[in-house]
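Participant: As a plain string of letters, each chain reads:
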Amino acid sequence: MLIAHAAHTLTTIAYFLPVVAFLAWLVVTQVRERRRGRG
Amino acid sequence: MIQLAHGIVARADLPIPEWLFGWAAAMVLVLSFVALAVLWPEPKLERERRRPLPGGLGRVLGSRPVEILCGAIGAVLLGVVVYAGLRGTQTVTANFAPTFVYVIFWLGLVPASVLFGDVFRAFNPWRAIGRAVAWIARAVSRGELPAPLAYPERLGNWPAAAGIFAFATLELVASNGDRPENVAIATLVYSAATFIAMALYGVEAWTARGEAFSVYFNLFSRLSPVETRDGVVGLRRPLSGLAALKPMAGTAPLLAVMIGSVTFDGAAEAPIWTGIAPDVADFFQGLGLSPQRALEAAFLIGLVGAILLVYGFYRLGVIGARSVGGGFSAERLSRAFVHSLVPIALAYVAAHYLTLLLFQGQAISFLASDPLGDGDDLFGTADTQIDYGLIGANATWYWQVGFVVTGHVLGLTLAHDRALALYDRAKLGVRSQYWMLAVMVGFTSLALWLLSQANV
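These protein sequence lines map, in sequence, to chains P and V.
Here the first sequence is numbered in my numbering, starting from 1 and rising by one per residue.
Here the second sequence is numbered in my numbering, starting from 40 and rising by one per residue.
Everything labelled a hint here was simulated from the structure, so no lab data went into it.
No false leads were mixed into what you were given.
Here are some chain P residues pointing at chain V (derived, C-beta under 10 Å):
1) 8
2) 11
3) 12
4) 13
5) 16
6) 17
7) 19
8) 22
9) 23
10) 27
11) 29
12) 33
Values in this document were obtained by computation on a predicted structure and should not be read as measured data.
Just so you know, even glycine gets a beta-carbon here, dropped at the ideal spot from N, CA and C.
Turn these sequences into a full structure, and let the hints steer you where they fit.
Facilitator: Structure representation (structure tokens):
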């Protein structure tokens, strides 16, 4: 039961991994650009 | 909570796991974004390009007699819904009213609008009756009728958003929202409210901005290459109708209600909701509500939550786009890009309700012959049955993925074209679209996750 629940949770995370990864890349890129602009 | 035939059957033998379809869809969006940046360097959709249908067909289809005929058909159907709901059997699947309202009208008019333009405008029973009453009043008064009130700018599309929210509440929250009698009563209440608003603000002004279903189907019709203007039906560049949309107060909340209500309908089948809904209902029962009302309150919380989630995600994209520069306010950007949510709303409706439309939609053939469910056979089709073999489970999934990807690519295209028109520097416009791309990928992932929950 626990394994089934964990598998279901991991599957749900897998669906949203692309958008989370993309948002993370976007934030990092924007922070770097701001630092370069200040530097 | 609708009990009509969704026809969901467990999927099997897909070549890859369902979540990998989500990753593939995300990659298609990213590749589309790159292709747009390279191959679409100037705005194309802001320029109007239109021509009437050839051979005088445009004039015939848009003529006043055709408009009157379509309006009469709409008014008759409204009457049949009310009569069947009040006087017919209260068995949901044997009465004309629930299937006509929730399937043929609510779902069937969406693809009809995308393919053939704003067909609801011609068949709108409330507009037809309102115009007929106004014509009679002018003839009887023999003088000038008092001018309607000016439509308040601040009101915008808020009444339409409230109307669609009320419909979603009846469909998804109310325990007996599909009971024929309740469908009829809701129709009568909505009709009364609509006629009062038309009397105050004028038929056309209310239809264009405040009447929920007119605004709802008009949004989808803007995807269509078919358009009626000044009584002539013509063709325009696809998507240009959306580029010409003039957003107003309440337009973004309306799109959030449209997408959010379908989101909740899908999420209501997911363990994430079925796990917490009883606890939320228990809380309301503790406040003194009956078990039925407590469950409805829980579902209402869920529906509002889903709408706020969708709206919040869109605003996040807008705030992100604002952060790259350009000097635009968040409100300006929100209105500038809200039209790109319409194809997403279409993708959600098409994907989630595909099987309901294909299966329960067939029921209209026997319900039209026996609208009251009392054994009539008006058109000789009362013995027909639903063919559940029309589409298989795997084919359904592929069509659903196709709708989701196509809708989001169209949304991306609209946002890209608008950014090129809005920003002075193309590079800044493209950078602002990174955030819209994130919004699109997010809605794509959410749509496919919701569709997969029906199979859990």
